[in-house]
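Asks: Spelled out from the first residue to the last, the chains are:
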Amino acid sequence: MQNISRNMLRIATALGAMVALAMIATAQETVSQQPNAQTAVFPLTTKSPEARRLVEEALTLYLDRVEQAQAIEILRKAVQVDPDFAMGHEVLAQISLDSAEQVGEQAKAFATRQHASAAEQTIIEWYQDAGDHKLISAITKMNEVLSQYPRDKWVVWMTTWWLQNQAQYERVIAVYEHSGITDSPGLINNIGYNYAYTRQFDKAFAMMDRYVAALPDDANPQDSYAEILRLAGRFNQSIEHYRAALAINPDFYSSQFGIADTYSLMGDQARARQEYEVGFRKFPLPELQRILWRTREAASYVREGDYEGANRAFQAIADYAHARDNSQAEADTYRQMAEYQQDPKQALIFLGRAEAATQEGKNTMKIAISQELAQILRARVEIAVKMSNKEIADSSLERLTGMSDSSNDKLIELAYHGAAGTVLFSEKKYDQAISHLEEDVNNPFSLKLLQTAYLKIGYTAGAKRTNDTLANLNDPTLEQALIVPAFRKCLDTPSCNGNTKSASLKK
Amino acid sequence: MLLLVACLLGTVQAKQLAIVSDKGNLVSNITATDLIKMFNAHSRTWPDGKPITIVMRDPSGTDMQLVLHKLFNMTPDQARSFIQAHRDAIMVADSDDAVVRFVSTSRGALGVIDLYSLTKDVNVVKIDGKLPVEQGYLLKGN
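Protein sequences, first through last, are from chains A and B. The numbering used here puts the first residue of the first sequence at 14, with every later residue one more than the last. The numbering used here puts the first residue of the second sequence at 955, with every later residue one more than the last.
Don't take every hint at face value.
[Claimed, not checked] Derived DSS-like pairs: lysine-lysine, alpha-carbon spacing no greater than 25 Å straight-line:
#	chain 1	residue 1	chain 2	residue 2
1	B	K969	A	K477
2	A	K399	A	K502
3	B	K969	A	K442
4	B	K1084	B	K1024
5	B	K969	A	K216
6	A	K147	B	K991
7	B	K991	B	K1024
8	B	K991	B	K969
9	A	K461	B	K969
10	B	K969	A	K147
11	A	K461	A	K442
12	A	K147	A	K90
13	B	K1024	A	K442
14	B	K1024	B	K969
15	B	K1074	A	K147
16	A	K295	A	K358
17	B	K1080	A	K216
18	A	K403	A	K379
19	A	K461	A	K502
20	A	K147	B	K1084
Hints in this document: simulated from the structure, not taken from any laboratory.
This is chain A alone, in the form it adopts within the complex (with noise of 0.2 Å):
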């Protein structure tokens, strides 16, 4: 597994960052302004040596050995330490798993940064730019530190990181092959999923194996590997690597439930089910994992149909969610029970509540809650095409249009796009639907649309194409649920779209 960031709920449209620094020498020392990029080490200033070393412990911890809880609870120890330490608060905010203190720790970062070098201030800088939707300042930002520091280990990491989440895959392969960094446990894990995701399996494996061989005794290269096994569609492979990493480390939970998780997307849902309570039984989760995994339970009543016991699964995280008061859960919770809702009037009002938790807005940043009320929207627009409800689809299209307009939040973009594309398309508008449902081709819901408007248009090769993306998807996520399952059954129903058994489903 990777780490896990702090916008994980929003599925494909997770824009968290995680930060990663490094660190030097004296205390209160000041960076130069151009280090020598070959040899630079990025800096942290703080006035206390142990913080420091607490702050460096807790990034050798998260990033080589994906020990993310452990992390959080030295750094939130650094920043008791000395309280005006600007970067530790940044990182703590990155990599927090609670958002009340993601939220707290950024503003602390922002207020302390005069006590840190300039290199910190950019990167402190960078990360408040992307959360204000500053998205040119903050990729400037980005490559201004990266050219300071291009080989130093926990920059390559930050940038890596930010620009995956940003899916700028094909760039993040290129930092890192620049940096000339193969020592890194943690960087190997990052790169190997990042061939993965642009369908470089050979590359990606290769990684892989170098990970497992960097750190044999730890658990977390088992999991990457099965992870990307499981990507790859290899399900069988993948669970055998789960259990190596368990029996490596039998607390290593995300492999239990990643076992979970690959058990429902072969289709077995029961056994998918089990393995879920087993994790919930042994093991403590900090409540975004929490709310994640019990998010995967409640999708496997989907995958089998079982609406009612799928309502039930998913009115409990929601409940969950807001007696945690966490708003954009909450709302992201209502938000997927709408997509699955047979009655679209039942759809929106769960729709309705979910914008109602934006509005509550407690404990999430505010970025989290722009993105969540697009997706929000995205879903009404989705909802109201279902129904031929041209006023409920209009509408929607235009608050989403304006959000889409006044911000430069890629997200929220993606959301006007698929929701554009939606509109357009059951206007038969097929060319301008494409043009729109291409920008959000990270989105089953779009990508059905896409290959039937190729098809519409003529253009097989692009049908066919999508056909294969989406056959070949292997994500344990509710849209996932809602419609590859049953476009690979029409791959084998002969009375199904003929267009489709060009897909190939590799196994």
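Position chain B against the provided structure of chain A, taking the given hints into account.
Replies: Structure of chain B alone, referenced to chain A:
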């Protein structure tokens, strides 16, 4: 577990290209029509008389497909021949970093780079009043 971020393998990610100029260039916005003229070497100077030098990546690369389609309206081979014939006005660099380096130190240069390669050494030029992150921006898509 962060595969939630990005699970659709093999899909094409939409590109966002930025038009960049040197920091001394006061032009902050260019119309799409004028930009096409510049890339096709029909407009060869800025309003102040400075020569325009276009800097881009290899036109046969996947990153430049949007440029070929929306600015040159040529195939990669046609574009390569065209560039060869206009070496005084159009340069090819081997990386975005090289484009940025050249543009930042060359008065009148106009480069095209991936948005995520942007640095503080160059200015982003709007096209038809739009930045690369805005709806309807010309150089965005697959």
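Asks: For which of the previously enumerated hints does the structure constitute a violation, in increasing order of number?
Replies: Hint check: 6, 12, 16, 17, 18 fail, others pass.
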